[in-house]
Structure formats: C-alpha cells, structure tokens
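Colleague: Next come the chains, spelled out residue by residue.
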Amino acid sequence: MNNMILGRYSPYDSFLHRLDPRNKIVSMILLMVALFFQFNLPGTSITDFVMTFIVEGVILFIVIISMIVAHVSIKQFFKSLKAMWFVVLLLFIINIFIVASPSSADWTSTMYYYYGESFRIQVPAWNWDYPIYWASIYQSIKIVSRLIIMISLTMILTSTTKPLDLTFAFEWFMSPLKLIKFPAHEIAMTLSIALRFIPTLLDETDRIMKAQSSRGVDFKHGRVSLRIKALVALIIPLFISAFQRSEELADAMEARGYNPRAKRTHYHKLTWSVFDSVIILFTLAILAGVIVISVMNITYYTPTFLGWLFIALAITITMFILLGIFSSTRKVAK
Amino acid sequence: MNVIEANNLKFSYDGKNDAIKGVSFSICSGKYYSIIGHNGSGKSTLAKLLIGLLKPSKDSLKAFGLEYNSKNIKEIRRKVGIVFQNPDNQFIGSTVKDDIAFGLENRCVPQKDMDKIIEEYSKKVDMFDYLDKQPEKLSGGQKQRVAIAGVLAMHPEVIIFDEATAMLDPKGKREISELIKKMRIDNPNLTLISITHDVEEAFNSDEIIVMNEGEIYMSGSPKEILSKSDELEKIHLGVPFLYSLANELNKLGIKVDDYSSLESLVNSICQ
Numbered sequence: 027m028n029n030m031i032l033g034r035y036s037p038y039d040s041f042l043h044r045l046d047p048r049n050k051i052v053s054m055i056l057l058m059v060a061l062f063f064q065f066n067l068p069g070t071s072i073t074d075f076v077m078t079f080i081v082e083g084v085i086l087f088i089v090i091i092s093m094i095v096a097h098v099s100i101k102q103f104f105k106s107l108k109a110m111w112f113v114v115l116l117l118f119i120i121n122i123f124i125v126a127s128p129s130s131a132d133w134t135s136t137m138y139y140y141y142g143e144s145f146r147i148q149v150p151a152w153n154w155d156y157p158i159y160w161a162s163i164y165q166s167i168k169i170v171s172r173l174i175i176m177i178s179l180t181m182i183l184t185s186t187t188k189p190l191d192l193t194f195a196f197e198w199f200m201s202p203l204k205l206i207k208f209p210a211h212e213i214a215m216t217l218s219i220a221l222r223f224i225p226t227l228l229d230e231t232d233r234i235m236k237a238q239s240s241r242g243v244d245f246k247h248g249r250v251s252l253r254i255k256a257l258v259a260l261i262i263p264l265f266i267s268a269f270q271r272s273e274e275l276a277d278a279m280e281a282r283g284y285n286p287r288a289k290r291t292h293y294h295k296l297t298w299s300v301f302d303s304v305i306i307l308f309t310l311a312i313l314a315g316v317i318v319i320s321v322m323n324i325t326y327y328t329p330t331f332l333g334w335l336f337i338a339l340a341i342t343i344t345m346f347i348l349l350g351i352f353s354s355t356r357k358v359a360k
Numbered sequence: 572m573n574v575i576e577a578n579n580l581k582f583s584y585d586g587k588n589d590a591i592k593g594v595s596f597s598i599c600s601g602k603y604y605s606i607i608g609h610n611g612s613g614k615s616t617l618a619k620l621l622i623g624l625l626k627p628s629k630d631s632l633k634a635f636g637l638e639y640n641s642k643n644i645k646e647i648r649r650k651v652g653i654v655f656q657n658p659d660n661q662f663i664g665s666t667v668k669d670d671i672a673f674g675l676e677n678r679c680v681p682q683k684d685m686d687k688i689i690e691e692y693s694k695k696v697d698m699f700d701y702l703d704k705q706p707e708k709l710s711g712g713q714k715q716r717v718a719i720a721g722v723l724a725m726h727p728e729v730i731i732f733d734e735a736t737a738m739l740d741p742k743g744k745r746e747i748s749e750l751i752k753k754m755r756i757d758n759p760n761l762t763l764i765s766i767t768h769d770v771e772e773a774f775n776s777d778e779i780i781v782m783n784e785g786e787i788y789m790s791g792s793p794k795e796i797l798s799k800s801d802e803l804e805k806i807h808l809g810v811p812f813l814y815s816l817a818n819e820l821n822k823l824g825i826k827v828d829d830y831s832s833l834e835s836l837v838n839s840i841c842q
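Residue numbers (the numbering used here), protein chains in the order written: chain A, 27 to 360; chain B, 572 to 842.
Just so you know, the hints here were simulated from the structure itself, not pulled from any lab data. Among these hints, one or two may not hold up.
Covered, in the sense of this in silico footprint (three residues per stretch, anywhere, with C-beta under 8 angstroms from a C-beta of chain B), are these stretches of chain A [what the hints assert, rightly or not]:
hint, segment
1, 79 to 93
2, 214 to 221
3, 292 to 298
To give an idea of the interface, some chain A residues facing chain B are shown, with a C-beta separation under 10 angstroms as derived from the structure [what the hints assert, rightly or not]:
hint, residue
4, H97
5, S99
6, D155
7, K188
8, L190
9, D244
10, K246
11, L275
12, A278
13, M279
14, A281
15, R282
16, G283
17, A288
18, D302
19, G350
Just so it is clear, the structure is predicted and the values come from calculations on it, not from any experiment. Here a beta-carbon is modelled for each residue, glycine too, at the ideal position from N, C-alpha and C.
Excised from the complex, chain A in its bound form:
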C-alpha cells in the first residue's frame, strides 16, 4: 500500500540519497515550476511548442540521469505510468473540442489561442464533419509530457528519501508556523507513527482476512456487492484493533515521558552539505533561465539561443560527472 502511493524507496546510497530531504523537496518544486512556464509568443503556436519541448528536454535529461543515479526501479516507473493512458485519452478528447478554429477564437483565452494546420475527421453516417487542429494534439502531448516528468520527479524524491526523512523535512518547513500555534511537531509525529504502523496494520489485515476466510467469508469471488459486504468483516475487526493499538501506544509514549508540548531534542538532524548548495543553485539557475526565456520572448531562432542551450547542457553534464566522481554509489542491505 505504502509503495503504491509513495513509490518504493530504493535501498542504495547514491549522492541523491545523501542530499538533504529539504533540498530535494525544494528542488523538485522549482523544477516543476520551470516545467509549467508558458511561452506565449505572437504568431504561430508552433514556436511555443518547440520552446516547451526544448525546456522539457533539458529537464527530462536531468530527470533521466537522476533516475539512473538513484536506481529508480524502471518497472515501478512504467507501472505508475500505466494509469496515465486514461488521462492521455481524456486530454486528447477535451483538446479536440477546446482548441477551436480561428473563427471561434477568443484572443483573451490562451486555450483558444492556438490554431493552424488541421485535418478533418468525417463520419458520413452521422453526417459529422469536424476539423481537428494539430494544435490540439501538440497541446495534449505538452500536458502529458509535463505530467510524466512531474511523476518522474516525485518518484526520484520518494525513491531516494526515506518517508521518515520527508516527515522531518516537512516538520522543518512548517516550523515557522509554530509561532501562530500551528501544531507542526504533532503533525510530523502523527505522520511518522502512521508510517511506522503501515506494515504492522498490513500484517494485521492479512491475519484478519485469513481468519475470516477460514470462517467462510469470501473476499475474492462473487458479485461486487457481495465482496463489498465481505469487506465489512475485515474493516470492523481492523478498526477495533487499530483503536486498541492506539490506546496502548499512547500509554507507552506517555510512560516514556512524551509530552507533545514540552521541549524535546531530536535524534535525527537534517544536515545541509556543499552538494546541497550546488544542487539548489543549479535548479535555481534552470528556473531563472526559463523565466528569462519566457519573459524576454526568446525563441529557438533567436541568434544566441542555441549557444546558451549548449552551455546549459554542458554545465549539466559536467556537474553530473563531477558529482559522480565525488560520490560513490553502493547498495545498502535492506
């Protein structure tokens, strides 16, 4: 269950694993922001698409190298993309109808902005003839590729960061809110206990299912309504035992001197290294570059653009090579 939601943690010790979780979260968000910049240039829509794909290409390049470095499970990655097919189809259908012809174009809305070459689909039986603009296909591809890169970015985060470290990072981000009495520590503690008890409760679920199956409850066969009914026989015992557990856990925590409002020290210290500074400067540079391109209407036919792109790529590659030299990757025993 845990793995399905968060992506599996890969037990390696690469330099991405060693980065500060705070840095990884911020860098991920920065790259996602960079991904979603619009390049609304006057004239044809194709310029926008090409620029989007160039920017996405650079980010994709970083993502792919990171995924290799971090030993992200390829199987897991494609599994998580499987659910995307429905989104692709839906986006395509929506875009066919939303990206309309020049005659219906409303220049105030970006969605209606794109037009250009089109082909027609004809269904004579229904007397249906509808133009499909290439722009709608570009638009779908653009959104889907952004989604894929976003999924990859979160996968890199979750497969290189232990869930518990993420909780600590979130606690750190929320710590300014403590001034307005926001229970940041309590939320982090709740999250970490939830993470701690996922395997325990899964074991429990398994045990209850076996116990109920031996009493004749069928979870796997029969009509859906019957199976849902059967689930009641699982959920009620599970809830009761979870409540009992929580009571005993609260007792154990209290007996060991836990008081959420009292001051306490932290065993886990988040450490910010030189690598972290390098990485966050690098992602900031990418974001800055994208902002400049977007604001100054730079396009791929702007004379110096290709030169700058090559410089950016060269810096990226050198950085990864250097980081690769300075850090070793080894598998950690589970």
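Fit chain B to the given chain A structure using the hints.
Modeller: Using the frame of chain A, we list chain B on its own:
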C-alpha cells in the same frame, strides 16, 4: 529503603465497582517482585497506577516519597520505567535506533550524546547488530529487548514488566528472563516489579504478591507461596509441574529440597 508505598490503594474505572479494593504494600529498593494473579485480578490496573497512567486517590500511593499528581508525574516517570505486554504497540520509532532514542528525546538528551547511549544499551540487550532494522523484521522477543533497552537508557530506579513475556514464544521468554537476571547483576540497586500470570516465571523473584479480585490474596517468598498450592489453585493459578511434583513427593515422605530446575530435582530424587 522503600521506593514505592501503597496505603489502602483503591481504584475504580466506573465509580461503582472497584478494580483495586484497598491494597497496601511497600516495594523495597533493589528487590525483584512478582505480582501474580489470573485475568481480572487487577494486576494490570496496578501497573498503570504505578506508572501514573491512572490517577490513584489522594495519599494512597507514593513513589520516592512523591505523591502521584500532575506536578510530580514527570519526576516519577524519570525514576519508574515500564515494559508493556504487546511488543508491537510500544515500538514507537521506525527503527531500533529511533525507538531507543525516543525516550532520550523526551528527556532532552543532547543529540550528540545519543549515539553513544544507544550503542551502550543496545549492546546490553544484545541488539547492537539490529540498530537499523525496522520492527516488522524483528521477532517479538527482540522487540521486547528493544523496549527494555529504551527503558534502561533512561536510568530508571524501578522497572515494571507488565506481562512483558505473555505474547512471546518460549525462546523469547527465556531470553527475557536471562536478560532480567543480567540486569540485576549489572545494577544491584535496580528494583524490578514483574506482573505476570506465569507462576513459573515468578519463582525467580525475591517476593511474590498474589492478587485476586482486586485484593492481595497473599504475599511472601516464592517457596512460601508455592508450598501453598491448594490455595493457589483455589484462585485458578496453576502450580508449575516441578513444584507440584516435589510437593507430592514430600507428602509421600521422599525428601526433595532443591526443585528450582528439572536437573536439580532429578539430582535430589536420585540422592
């Protein structure tokens, strides 16, 4: 020196029926006590009272001369530690290391000292090789040992075992009782209170308190208690095979003195 003193201690969950019906006892420093009784005899309630999870009535319970109230509870919990029955439900950290650190964090131990303390106490309970393991990879006995390390790391003067071995297999039980023996040798001032329904386990202690329906049924040294097997059976507590065998043999006129283990029993019969 008496570390804990109960004087006509009463407790009731619902205000009508008393779970503890006025018990008085005192716990001496450095001794090993067993509180035995069958289910519903009030022994777990007593454990919760002793650690301050339930509030005793005024002037009825004192630990280290301190009254159990919200002001003193922090101080009492510094000196009294507890190991509960369910190994899973008292494992708070996500790894062995984190779990031992949990109590230290609460006590505001500086972060730089923690690793040393964790190393020391994990070695004491023989869990040093498992520091990075998650609880689901450990056996029940190992989890209980981690819980003991977590309690020991806080330097308590009294440790309560609330049926700490009840959910373990025989191997786990043996490991824990070995560990208890070792703890007593390491620190002779440590007071242990073991709450159990396993009479055999209680035989190792210095004094046994037998509880029945919220009252102290009898108390005394293990030999005294176990010789009254008729009375134990009256409150549904079985006497271990070795002791009942020795008792029967003694009744038949065959003198058997040493029956603390199977071997010594065989030896004393053969003599």
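Colleague: Does each hint fit the structure? Answer for all of them.
Modeller: How the hints compare with the structure:
1. For a cut-off of 8 angstroms, the count of residues in the segment 79 to 93 of chain A with a CB near a CB of chain B stands at 0, and the three-residue condition is violated.
2. Given as covered by chain B, the segment 214 to 221 of chain A passes the check, having 3 residues with a CB less than 8 angstroms from a CB of that chain where 3 are the minimum.
3. Counting residues of the segment 292 to 298 of chain A whose CB lies closer than 8 angstroms to any CB of chain B gives 4, so the stated coverage by that chain holds, three being the minimum.
4. Restraint check, H97/A versus chain B: the minimum CB separation of about 19 angstroms is more than 10 angstroms; hint violated.
5. A hinted interface residue such as S99/A counts as satisfied when its beta carbon comes closer than 10 angstroms to some beta carbon of chain B; here the least separation is about 19 angstroms, so the hint is violated.
6. For D155/A, the interface hint is violated, since its Cβ never comes within 10 angstroms of a Cβ in chain B; the closest pair sits about 62 angstroms apart.
7. The beta carbon of K188/A comes within 8 angstroms of a beta carbon in chain B, closer than 10 angstroms, and the hint placing it at the interface holds.
8. Satisfaction of the interface hint for L190/A is found here, the shortest Cβ-Cβ separation to chain B being roughly 5 angstroms, below the 10 angstroms cut-off.
9. Here the hint on D244/A is broken, as its CB sits about 28 angstroms from the closest CB of chain B, past 10 angstroms.
10. Given hint, K246/A at the interface with chain B, is violated; its Cβ is 25 angstroms from that chain's nearest Cβ, farther than 10 angstroms.
11. Restraint check, L275/A versus chain B: the minimum CB separation of about 5 angstroms is within 10 angstroms; hint holds.
12. At a threshold of 10 angstroms, the smallest CB-CB gap from A278/A to chain B is about 4 angstroms, leaving the interface hint in force.
13. Taking 10 angstroms as the C-beta cut-off, the interface hint given for M279/A holds, the closest approach to chain B being about 6 angstroms.
14. Interface restraint check for A281/A: the shortest CB-CB distance to chain B comes to about 5 angstroms, inside 10 angstroms, so the restraint holds.
15. Below 10 angstroms, beta-carbon pairs count as interface contacts, and R282/A has one with chain B at about 4 angstroms; its hint therefore holds.
16. Look at G283/A: its Cβ gets to within about 4 angstroms of chain B, closer than 10 angstroms, so that hint holds up.
17. For A288/A, the suggested interface contact is upheld, since its CB lies about 8 angstroms from the closest CB of chain B, less than 10 angstroms.
18. Annotation: D302/A was flagged as interfacial toward chain B, and the flag is violated, the nearest CB pair being 20 angstroms apart, outside 10 angstroms.
19. The criterion of a C-beta within 10 angstroms of any C-beta in chain B is not met by G350/A, whose closest approach is roughly 26 angstroms, and the hint is violated.
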